[in-house]
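*Asks:* Chain residues, written in single-letter form:
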Amino acid sequence: MTSPDVSNGMKIYQYDKSAALFRRAAKVIPCGIYGHFSPTPCVPVSAYPFFSERTEGAKFWDVDGNEFVDYMCAYGPMVLGYHHPVVDEAYQAQMKRADSNSVASPKMVELAEFMVDMIPVADWAFFAKNGADVTNYAAMIARAVTGRNKIIAIAGGYHGTTPWMQAAGHHGTIDDDLTHIRRIPWNDFAALERVVAEHPNDVAGFIASPYHHPIFVDNEMPAEGYWQKVQQFLKKNGIVFIIDDVRCGFRLHMGGSNELFGFKPDLICFCKAIANGYPISALVGTESLKNVAAKVFHTGSFWYSAGPMAAALACLQELKRIDGPKIMADQGKKLLAGMVEISKAHGYHLQVSGAPSMPYLRITDDASLMLHQQWCAECTRRGAYLTSHHNWFVSTAHTDEDIQRTLEIADDAFKAVKQAR
Amino acid sequence: MNESLIKAYLNLHAVFQNLEDLVKFDEPMAQLIRDWDLTVEFVVRNGPSAFVEFKNGVCRHGATAHDNPTVRLYFTSAGHLNRMFDGKATPIPLKGFLRLGFLKREFAQLTDRLTYYLRPELGKPDDESYVKLNTILTLQTAIYAVKVLGMLEPTSKKIAAHIPAGALQVEVLPAGPCLHLVFDKGGISVAKGPAKQPMAKMAFKNLQVANALLTGKLDGFLAVANGDVVLQGQLPMVDNLNLILDRVPRYLV
Ligand SMILES: Cc1ncc(COP(=O)(O)O)c(C=O)c1O
Numbered sequence: 004m005t006s007p008d009v010s011n012g013m014k015i016y017q018y019d020k021s022a023a024l025f026r027r028a029a030k031v032i033p034c035g036i037y038g039h040f041s042p043t044p045c046v047p048v049s050a051y052p053f054f055s056e057r058t059e060g061a062k063f064w065d066v067d068g069n070e071f072v073d074y075m076c077a078y079g080p081m082v083l084g085y086h087h088p089v090v091d092e093a094y095q096a097q098m099k100r101a102d103s104n105s106v107a108s109p110k111m112v113e114l115a116e117f118m119v120d121m122i123p124v125a126d127w128a129f130f131a132k133n134g135a136d137v138t139n140y141a142a143m144i145a146r147a148v149t150g151r152n153k154i155i156a157i158a159g160g161y162h163g164t165t166p167w168m169q170a171a172g173h174h175g176t177i178d179d180d181l182t183h184i185r186r187i188p189w190n191d192f193a194a195l196e197r198v199v200a201e202h203p204n205d206v207a208g209f210i211a212s213p214y215h216h217p218i219f220v221d222n223e224m225p226a227e228g229y230w231q232k233v234q235q236f237l238k239k240n241g242i243v244f245i246i247d248d249v250r251c252g253f254r255l256h257m258g259g260s261n262e263l264f265g266f267k268p269d270l271i272c273f274c275k276a277i278a279n280g281y282p283i284s285a286l287v288g289t290e291s292l293k294n295v296a297a298k299v300f301h302t303g304s305f306w307y308s309a310g311p312m313a314a315a316l317a318c319l320q321e322l323k324r325i326d327g328p329k330i331m332a333d334q335g336k337k338l339l340a341g342m343v344e345i346s347k348a349h350g351y352h353l354q355v356s357g358a359p360s361m362p363y364l365r366i367t368d369d370a371s372l373m374l375h376q377q378w379c380a381e382c383t384r385r386g387a388y389l390t391s392h393h394n395w396f397v398s399t400a401h402t403d404e405d406i407q408r409t410l411e412i413a414d415d416a417f418k419a420v421k422q423a424r
Numbered sequence: 012m013n014e015s016l017i018k019a020y021l022n023l024h025a026v027f028q029n030l031e032d033l034v035k036f037d038e039p040m041a042q043l044i045r046d047w048d049l050t051v052e053f054v055v056r057n058g059p060s061a062f063v064e065f066k067n068g069v070c071r072h073g074a075t076a077h078d079n080p081t082v083r084l085y086f087t088s089a090g091h092l093n094r095m096f097d098g099k100a101t102p103i104p105l106k107g108f109l110r111l112g113f114l115k116r117e118f119a120q121l122t123d124r125l126t127y128y129l130r131p132e133l134g135k136p137d138d139e140s141y142v143k144l145n146t147i148l149t150l151q152t153a154i155y156a157v158k159v160l161g162m163l164e165p166t167s168k169k170i171a172a173h174i175p176a177g178a179l180q181v182e183v184l185p186a187g188p189c190l191h192l193v194f195d196k197g198g199i200s201v202a203k204g205p206a207k208q209p210m211a212k213m214a215f216k217n218l219q220v221a222n223a224l225l226t227g228k229l230d231g232f233l234a235v236a237n238g239d240v241v242l243q244g245q246l247p248m249v250d251n252l253n254l255i256l257d258r259v260p261r262y263l264v
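Just so you know, the sequences run in chain order F and P.
Residues 4 to 424, numbered by our numbering, are exactly what the first sequence covers, in order.
Residues 12 to 264, numbered by our numbering, are exactly what the second sequence covers, in order.
Same shape as in the complex, but just chain P:
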């Protein structure tokens, strides 16, 4: 699996799922999509598919193709998709030609806003509400990326092979977000919300701690020792999770 293809999977499956929460937490974006009723599908030749569905003010992301999207966007290669994510290419519409104006204007507004929240150098790192959403979305991207890398990237696959079976819960106290990964003999799934029966837990004391760790400003070992991060249960799951998390920046800035 080459780097470009891994990056395409990360973009479609780890970065794009954040749209679900962006429209939940960012008021202007909630307003923007309030009346949308459509599904946009992304298809990469010899690569991943995904869709985002907007209905009743809610966004739902799926890491698969969609049977009947309103708009189908086609990419000739993983590189093509990645260039679009960098703002340097446009997709080939296969369906929904009447919506092209919408894509250029409103949908682009939404994706630009996501980029704004994921890239502190483009945002407002001193603004509390900015930092809050930046942290939530960055953490979610990272945890979703673990699934992608653990299933596709050779070294991460080897690391994932050592992870005991069961659910690993990652949460930010006191009010979330909370996510969990389920490992099962090479298979990995990821979802938002608490796990039913976690085999291990990693909890950040607050959003500031999560942010400092995600941006590499805080050493994880120190954070555990002074209680800023609390680990419980099958710690080999957490150790290996962290090894994969540390590989994410090789692919995503």
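Bound-form chain F, shown alone:
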């Protein structure tokens, strides 16, 4: 057991048990830890925990017993705080009655009714498990209703791991997977017009997130009037307008993030924050697509499990009751204002982009990101869990006290970075 280092009275975390567990994982699991939880983008990996033991509110404890204020929130699903009593009770109660079984649950109808009621675009709702389940379904509906082939997406936009959503050259994909996919730059209306003109009567759908939140680069809000022009243009050309609200959904606006930006797509994909961590995703859409949606065959072994449906209903009701998006935006603003001020005091420039409840931060003094990576690592090994490559997430459970603690950590992390340079 290594003895913990201390910096200005702050404990510097060690991860012996995480590392040992990873060695075991590596023997029996490809990558040890794969996908978005892979340690690969954590720089240096030695600053990050790999395995957690316990969660509560806005915090988690890793297998070494280190406590973290969590700014990744399970990469989005945690929105009301871990173990939120209202959501957990609804889930437990449903689980006692029925979860996966041979026929559908009344909870599914209640949840669909609630969502149709709350989300202006929604005339119907369909449930699955993961984000990609519904982004795929949306693309299939667009093709089914138009009889066309092409899907237009934004360069750098992420919609899941199905081959058509991946960039060229990724393992397991073939060049033909992208035959009918066109990627255009964010906020570039002229590019949209151009691609549609290049493929007359062959563009089925356009998919994008409500604002651009790629990894490793600053996030970008829609330009003034962009969405309104896009909406009008797609309608004129008979192209299905799909919003991938998997990451932003219910963090920005309870009616769908498009409401914040003043436009109406035809289909909206939700996942992540919908049930505070219980596994469920949803596609909602307009009346005109309902019959076609019914014809597109799409289902999965666990898509009818009722526990997560009860959790989703409780989560959405609670978020709506407390105006969750406002709380998260307010707490996010407090955190960011404090961080920017602290960085300035240390002589660094911290660039903030994206929504305050899911901000992307970058220290601009070093374009290679190495300085930023160093600072995020120093924050993490002092107890504020945050990655350098991906937007962070704020939940309604992040208290003023959590934020104050985080700012103290950020301050000491800047000192450490300065010393090391």
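Where hints are given, some of them may not hold.
[Unchecked claim] Under the rule of at most 25 Å between Cα atoms (straight-line distance), these lysine-lysine pairs were calculated in the DSS-like manner:
#1 Lys267/F / Lys323/F
#2 Lys203/P / Lys30/F
#3 Lys132/F / Lys323/F
#4 Lys216/P / Lys30/F
#5 Lys20/F / Lys132/F
#6 Lys216/P / Lys20/F
#7 Lys216/P / Lys203/P
#8 Lys207/P / Lys421/F
[As the list claims (entries may be wrong)] Chain F stretches covered by chain P per the calculated footprint, using a threshold of three residues with CB under 8 Å from any CB of chain P:
#9 21-29
#10 352-362
[Unchecked claim] Per label pair, the in silico range of CB-to-CB distance:
#11 Asp221/F / Gln120/P: 54 to 62 Å
#12 Gly198/P / Arg424/F: 54 to 62 Å
#13 Glu290/F / Asp257/P: 42 to 50 Å
#14 Gly198/P / Gly265/F: 35 to 43 Å
#15 Asp257/P / Asp326/F: 44 to 52 Å
#16 Leu109/P / Asp180/F: 52 to 60 Å
#17 Arg424/F / Thr87/P: 53 to 61 Å
#18 Asn67/P / Asp191/F: 53 to 61 Å
Because the hints were derived from the structure by calculation, they are not lab data.
Here a beta-carbon is modelled for each residue, glycine too, at the ideal position from N, C-alpha and C.
Let chain F serve as the given structure and place chain P with the ligand on it in line with the hints.
*Replies:* Frame of chain F, contents of chain P with the ligand only:
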């Protein structure tokens, strides 16, 4: 761009540059070329050119034609060149007829030695000094190949298009080799030595780790997670580099 042409570029621009280091690190080859004073140029019809110049015990490789080589070797097609690299064809000399004996004997000794070091099945995979040079040359071949594929191969070109501009440094700790690639809007250059201002770095803990990764015996994700490979900076550069690196074996064994 067809497969044979890509392979010809790889042979002349990625494989052949290793002669520079072969004569530096392999004593018998250093002895062999000590007194050479000549330039051999390779010209492929409708394909790549390259030259290797020997002077004062040093070898310099160039990925272009040469104004005034001592020997000019001509290949009627990319396939012709590739067959020579497989030992199944001979070039057409256009210049330097008096040196043909030299080409057959001494120069062939040098290229055979390169093949020996690049193909463990022909070499001594249990010998430490063999493995060292094999790893260095294989890594260099791979990094030089990234430039070739990124500029010429359709899928690699698409991957390269996503690579942020700047220098990407690849090094083996603690004592090298170190190389870097510079990406700039579709243009790619490659050179030996550290980058001035790297935007990203990929460092292998030692030659053994580099060897295990290059031979597919070690999973790169695991290597990063347990600290055998250290990544820093603009990681999308490294991710995309690795995607192209993984395409190299489609063309080079
Ligand atoms: C915007 C967006 N769309 C789709 C997905 C894919 O969701 P899932 O991983 O649940 O399939 C994600 C996941 O991060 C996402 O952020």
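*Asks:* Starting from the hint list further up, note which numbers the structure goes against and sort them upward.
*Replies:* Numbers 2, 5, 10, 12 - these are the hints that the structure violates, sorted from lowest upward.
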